[in-house]
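> Sequence:
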Amino acid sequence: MKLGWTSRGYLPHRDEVGLIQFITLRLADSLPQEVVEEMQALAKTPNGLVEGRRRAEKYLDSGYGSCTLGRSEIANMVEKAMLHRHPDVWELFAWTIMPNHLHMLLRFADDIAMAKVLQVFKGWTANQANGMLGVRGTYWFREYHDRYIRDERHFANCLAYIDVNSVKAGLCERAEDWAFGSARFRGLSYGRQDCRRSHRPPAGVKIDP
Numbered sequence: 001m002k003l004g005w006t007s008r009g010y011l012p013h014r015d016e017v018g019l020i021q022f023i024t025l026r027l028a029d030s031l032p033q034e035v036v037e038e039m040q041a042l043a044k045t046p047n048g049l050v051e052g053r054r055r056a057e058k059y060l061d062s063g064y065g066s067c068t069l070g071r072s073e074i075a076n077m078v079e080k081a082m083l084h085r086h087p088d089v090w091e092l093f094a095w096t097i098m099p100n101h102l103h104m105l106l107r108f109a110d111d112i113a114m115a116k117v118l119q120v121f122k123g124w125t126a127n128q129a130n131g132m133l134g135v136r137g138t139y140w141f142r143e144y145h146d147r148y149i150r151d152e153r154h155f156a157n158c159l160a161y162i163d164v165n166s167v168k169a170g171l172c173e174r175a176e177d178w179a180f181g182s183a184r185f186r187g188l189s190y191g192r193q194d195c196r197r198s199h200r201p202p203a204g205v206k207i208d209p
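Sequential numbering of the sequence shown, starting at 1, is according to our numbering.
Note that these hints are calculated values from the structure, not bench results.
Every residue gets a Cβ at the ideal spot worked out from N, C-alpha and C, and that includes glycine.
Certain hints may be false.
[Said to hold, decoys possible] Simulated crosslink set (DSS-like; lysine-lysine; CA at most 25 Å straight-line):
hint, residue 1, residue 2
1, Lys58, Lys44
2, Lys58, Lys168
3, Lys122, Lys58
4, Lys80, Lys122
5, Lys80, Lys44
[Claimed, not checked] Okay, the calculated beta carbon distance ranges per label pair:
hint, residue 1, residue 2, range
6, Gly70, Pro32, 16 to 26 Å
7, Asp151, Asn130, 31 to 41 Å
8, Asn47, Asp151, 19 to 29 Å
9, Ala41, Asp177, 35 to 45 Å
10, Met132, Glu51, 34 to 44 Å
11, Ala81, Gly134, 18 to 28 Å
12, Val50, Ala28, 33 to 43 Å
13, Arg153, Glu91, 17 to 27 Å
14, Leu83, Asp111, 15 to 25 Å
Let the hints inform the model, and build the full structure from the sequences given.
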């Protein structure tokens, strides 16, 4: 199992035992091709990855593309696939499934390679989704975004970001109202007026240096 910094394309990935990761997967058509090319160019410049991510998030939250993750039968299938892997493959702290992308906050099992398990997850869910849609072809974008959690505050900010993503995108009034996110199980009172609110990690969560 290869650990440390790797790259399968234009995005760097850090895979090490014990790291908590903020993962974003998006659909293949969730960004215009010119935006993808801009992100690839930005990735070669100082601070370009941050700027590229910011631009991508605007398109993702605007609902660009086919948005087939917005179909309840597909979102339910993907969510069940996430939960099926908890806790043997990954320890899942938070998630949300948006119409054209998803976010997960998790920690992989010690003997699991991040790239491999995400490849399997994407492959299985893609086959299921394409079957439901009656189509063939690429479902997920090849690359994925991962950010390893640096400290407790970073964990709290990422958790809050995941919870309120559906509110910021105008899909619901409160985070706990979103049918395809973990906030509904925690009963959080995140509304449109307090989207920036953050909270501490659940009891027992250890942040690795």
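> Each hint: holds or not?
Right, here's what the structure says about each hint:
{"no.": "1", "hint": "Lys58 - Lys44", "result": "holds (21 Å)"}
{"no.": "2", "hint": "Lys58 - Lys168", "result": "holds (11 Å)"}
{"no.": "3", "hint": "Lys122 - Lys58", "result": "holds (23 Å)"}
{"no.": "4", "hint": "Lys80 - Lys122", "result": "holds (13 Å)"}
{"no.": "5", "hint": "Lys80 - Lys44", "result": "violated (37 Å)"}
{"no.": "6", "hint": "Gly70 - Pro32: 16 to 26 Å", "result": "holds (19 Å)"}
{"no.": "7", "hint": "Asp151 - Asn130: 31 to 41 Å", "result": "holds (40 Å)"}
{"no.": "8", "hint": "Asn47 - Asp151: 19 to 29 Å", "result": "holds (21 Å)"}
{"no.": "9", "hint": "Ala41 - Asp177: 35 to 45 Å", "result": "holds (39 Å)"}
{"no.": "10", "hint": "Met132 - Glu51: 34 to 44 Å", "result": "holds (35 Å)"}
{"no.": "11", "hint": "Ala81 - Gly134: 18 to 28 Å", "result": "holds (20 Å)"}
{"no.": "12", "hint": "Val50 - Ala28: 33 to 43 Å", "result": "violated (23 Å)"}
{"no.": "13", "hint": "Arg153 - Glu91: 17 to 27 Å", "result": "holds (20 Å)"}
{"no.": "14", "hint": "Leu83 - Asp111: 15 to 25 Å", "result": "holds (20 Å)"}
Hint compliance for this structure: hints 5 and 12 are not met, and every other hint is.
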